[in-house]
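Below, each chain spelled out in residue letters.
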Amino acid sequence: MFWWVLSTFGVTLFLLGTPVSSWGIGSPETLDQLLEQVRQDSVQEQRLNADREANFLAARDKQKELLRKANADLQAEEQRSKVLKGTFEKNEKVLAEKQTELKDLSGSLGELFSVARQTAHDLLPTVSNSLVLAEFPDRVAVLSTIAESNKLPNIEDLQRLWLSLQEQMTESGKIETFSASVITVGGEVKKQQVSRVGTFTAISEGKYLRYLSEPVAGLVELNRQPASRFLKAAAEFEKAGSGAIVSMAIDPSRGAILSLLVQSPSLRERIDQGGWIGYFTIALGVVALLIALQRFIYLFTIGRRIDAQRHEEIPNEDNPLGRVLSVYTGNKEEDIEALNLKLDEAILKEMPQLERGLPTLAILADVAPLLGLLGTVTGMIKTFQAITMFGTSDPKLMSAGISEALVTTVIGLMVAIPILLIHSALSGKSNRLIQILDEESAAIVAWLAEKKQGLLEKREADVF
Amino acid sequence: MFSDGLFRIEWLLEQGGEILWFILIASFFMWMLIIERYYFLFVLHPIRMQQLIAMWQQRTEHRSWYAHRIREGMIAEISSHLRQFLLLIKALTATLPMLGLLGTVIGMIQVFDSMSVSGAGNTRGFAGGISVALITTMAGLVTALSGLYFSANLDHQVKRAIEQAMDLLR
Chain A
1 MFWWVLSTFG
11 VTLFLLGTPV
21 SSWGIGSPET
31 LDQLLEQVRQ
41 DSVQEQRLNA
51 DREANFLAAR
61 DKQKELLRKA
71 NADLQAEEQR
81 SKVLKGTFEK
91 NEKVLAEKQT
101 ELKDLSGSLG
111 ELFSVARQTA
121 HDLLPTVSNS
131 LVLAEFPDRV
141 AVLSTIAESN
151 KLPNIEDLQR
161 LWLSLQEQMT
171 ESGKIETFSA
181 SVITVGGEVK
191 KQQVSRVGTF
201 TAISEGKYLR
211 YLSEPVAGLV
221 ELNRQPASRF
231 LKAAAEFEKA
241 GSGAIVSMAI
251 DPSRGAILSL
261 LVQSPSLRER
271 IDQGGWIGYF
281 TIALGVVALL
291 IALQRFIYLF
301 TIGRRIDAQR
311 HEEIPNEDNP
321 LGRVLSVYTG
331 NKEEDIEALN
341 LKLDEAILKE
351 MPQLERGLPT
361 LAILADVAPL
371 LGLLGTVTGM
381 IKTFQAITMF
391 GTSDPKLMSA
401 GISEALVTTV
411 IGLMVAIPIL
421 LIHSALSGKS
431 NRLIQILDEE
441 SAAIVAWLAE
451 KKQGLLEKRE
461 ADVF
Chain B
1 MFSDGLFRIE
11 WLLEQGGEIL
21 WFILIASFFM
31 WMLIIERYYF
41 LFVLHPIRMQ
51 QLIAMWQQRT
61 EHRSWYAHRI
71 REGMIAEISS
81 HLRQFLLLIK
91 ALTATLPMLG
101 LLGTVIGMIQ
111 VFDSMSVSGA
121 GNTRGFAGGI
131 SVALITTMAG
141 LVTALSGLYF
151 SANLDHQVKR
161 AIEQAMDLLR
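Chains as they are written, first to last, in the UniProt record's numbering: chain A, 1 to 464; chain B, 1 to 170.
There may be inaccurate statements among the hints.
[Said to hold, decoys possible] Straight-line distance between alpha carbons at most 25 Å, and here's what the computed DMTMM-like set of lysine to aspartate or glutamate pairs gives:
id	chain 1	residue 1	chain 2	residue 2
1	A	Lys451	B	Glu163
2	A	Lys342	B	Glu72
3	A	Lys429	B	Glu18
4	A	Lys429	B	Glu72
5	A	Lys232	B	Glu14
6	A	Lys190	A	Glu221
7	A	Lys207	B	Glu163
8	A	Lys332	B	Glu36
9	A	Lys332	B	Glu14
10	A	Lys429	B	Asp155
11	A	Lys451	A	Glu355
12	A	Lys429	B	Glu10
13	B	Lys159	A	Asp438
14	A	Lys451	B	Asp155
15	A	Lys232	B	Glu10
[Stated by the list, open to error] Partial chain A-side listing against chain B, Cβ under 8 Å, derived:
id	residue
16	Leu212
17	Val216
18	Val220
19	Glu333
20	Ser399
21	Gly401
22	Thr409
23	Ser424
24	Ala442
Bear in mind the hints are in silico, worked out from the structure with no lab data behind them. Built from N, CA and C at the ideal position, the CB exists for glycine as well.
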């Protein structure tokens with residue numbers, strides 16, 4: 001191993017040791033030769049330098065030439081710019097003059113264009129929501145191009161705008177009958193004869209229609225029709241021939257009132273708006289009605305029996321008056337004081353049955369409007385919560401609370417009013433029966449006693 | 001002229017909504033009762049009084065317990081006949097303003113319905129509800145006020161008639 005390394009080293013040394021000649025072909029051997037060589041070299045060098053100098057001078061002259069040329073160019077351009085500036089200013093002056101000239105010439109026309117565009121804008125919603133569109137459906141496109149384009153309208157556009165306005169005016173004064181497809185309440189699309197009164201009302205087969213521009217433009221039958229008087233007028237109107245004079249209802253809001261009619265909620269939805277207070281009030285009303293019914297049946301049958309008893313002499317046990325009178329017939333021989341007490345006791349025993357349920361009815365009639373008031377307050381609380389959260393900007397957000405407030409009030413009143421009337425009728429009836437028991441029973445007893453004693457012979461039954 | 005007036009009534013009833021019909025019926029009922037009461041008080045009642053007085057004077061004695069009870073019975077019957085329906089009339093005069101209030105609230109519901117459908121800007125939509133509210137309130141108050149005087153007057157007359165009967169049956 002060691003020997004191998006040493007031998008490689010030796011080889012490398014050998015290779016490096018090869019002699020290399022480093023200077024020119026002929027290296028000077030003597031000092032004279034060297035001097036000669038230096039001399040020659042310096043001559044050569046001087047020649048080279050002279051050449052270089054000559055080159056530099058030539059280049060300098062060339063640059064000078066270029067500079068002169070550039071300066072000349074600059075001057076020329078400056079000259080030109082001066083000239084151009086002059087023309088520019090001249091032109092600008094001319095332009096301003098022309099502009100003022102244009103302004104003077106088109107002064108009133110510029111306003112006209114903006115007015116035309118404005119008019120088209122204003123007319124667009126009127127036309128697109130108008131019943132007339134059911135007859136001539138392609139009028140919106142013309143108007144919207146005028147209203148929305150950025151270009152100045154040309155004379156053709158202006159004429160079309162004018163024509164549309166004129167058309168709308170003329171049609172709003174006409175009563176037309178035409179054939180159009182109508183969407184019925186069931187959702188079918190039918191081709192029907194439609195009569196249109198101006199831009200106000202459209203009817204078909206005795207029913208009022210409204211015009212919807214969205215989502216599908218067309219005539220729609222109202223699913224809630226107005227009062228019967230108007231329906232009758234509509235039917236007569238359709239039957240009438242030309243030249244006949246018939247009365248007809250029109251919607252002066254051009255369909256807004258009729259479309260509101262559709263959106264009014266049904267009774268069921270209304271009651272739901274009242275919330276649990278509404279249901280509770282209705283439940284109380286039902287309870288009160290049941291009590292009233294039971295009381296009515298009871299008082300009515302008892303009243304009839306008492307009336308029958310008043311014309312009878314023999315007491316019947318099936319009615320309060322009979323039971324009171326039987327106290328007398330059972331104790332005929334008692335003295336007056338004892339009889340009086342016994343009668344009072346019997347009357348007192350009968351009274352509660354006649355009065356039962358009536359105080360409950362009175363309380364229910366008082367409670368129902370109070371519940372309505374409670375609903376009003378809870379509804380208002382909801383409304384104000386909505387206001388705190390969303391602000392007053394959108395009345396639709398507040399409407400739930402407001403409808404609860406109002407609907408509960410309505411339910412409360414609707415329950416209270418009939419109960420109040422029923423209660424007064426029933427308590428009138430029961431008061432009368434109680435009075436008969438209280439005062440007339442004593443009179444009848446007295447009369448019977450006197451009759452027995454033969455003091456009074458005859459009693460005029462028709463008077464009593 | 002006459003038909004024009006009828007049309008106006010029809011128009012009023014339509015503006016007032018269904019509640020106005022209830023007010024109309026209730027006030028009609030109340031007026032029938034009031035008229036019936038006056039008829040009873042001034043025509044039927046005096047005839048009955050005369051019969052009862054004649055019967056009372058047939059009696060030989062007016063001082064015994066029996067006589068007192070019979071007299072009380074007579075007066076009770078008179079007063080019960082006189083007082084009939086008075087409670088109902090009073091209840092109706094109390095009910096009519098409540099019906100008016102009901103109409104007010106129903107009208108306000110219509111107003112808020114139109115508000116929730118078409119926003120606060122559509123004042124045309126409000127007009128129907130407001131007319132219902134105002135017309136029913138007015139009708140309820142007017143009919144109740146007209147009945148109030150007569151119900152109070154009837155009360156007074158009946159009290160006097162009963163006192164008179166007490167005096168006459170002696």
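Verification of the supplied hints:
no., hint, in the structure
1, A/Lys451 / B/Glu163, "28 Å, violated"
2, A/Lys342 / B/Glu72, "18 Å, holds"
3, A/Lys429 / B/Glu18, "30 Å, violated"
4, A/Lys429 / B/Glu72, "20 Å, holds"
5, A/Lys232 / B/Glu14, "15 Å, holds"
6, A/Lys190 / A/Glu221, "11 Å, holds"
7, A/Lys207 / B/Glu163, "65 Å, violated"
8, A/Lys332 / B/Glu36, "43 Å, violated"
9, A/Lys332 / B/Glu14, "68 Å, violated"
10, A/Lys429 / B/Asp155, "18 Å, holds"
11, A/Lys451 / A/Glu355, "33 Å, violated"
12, A/Lys429 / B/Glu10, "37 Å, violated"
13, B/Lys159 / A/Asp438, "19 Å, holds"
14, A/Lys451 / B/Asp155, "36 Å, violated"
15, A/Lys232 / B/Glu10, "15 Å, holds"
16, Leu212, "15 Å, violated"
17, Val216, "21 Å, violated"
18, Val220, "16 Å, violated"
19, Glu333, "16 Å, violated"
20, Ser399, "4 Å, holds"
21, Gly401, "10 Å, violated"
22, Thr409, "5 Å, holds"
23, Ser424, "3 Å, holds"
24, Ala442, "4 Å, holds"
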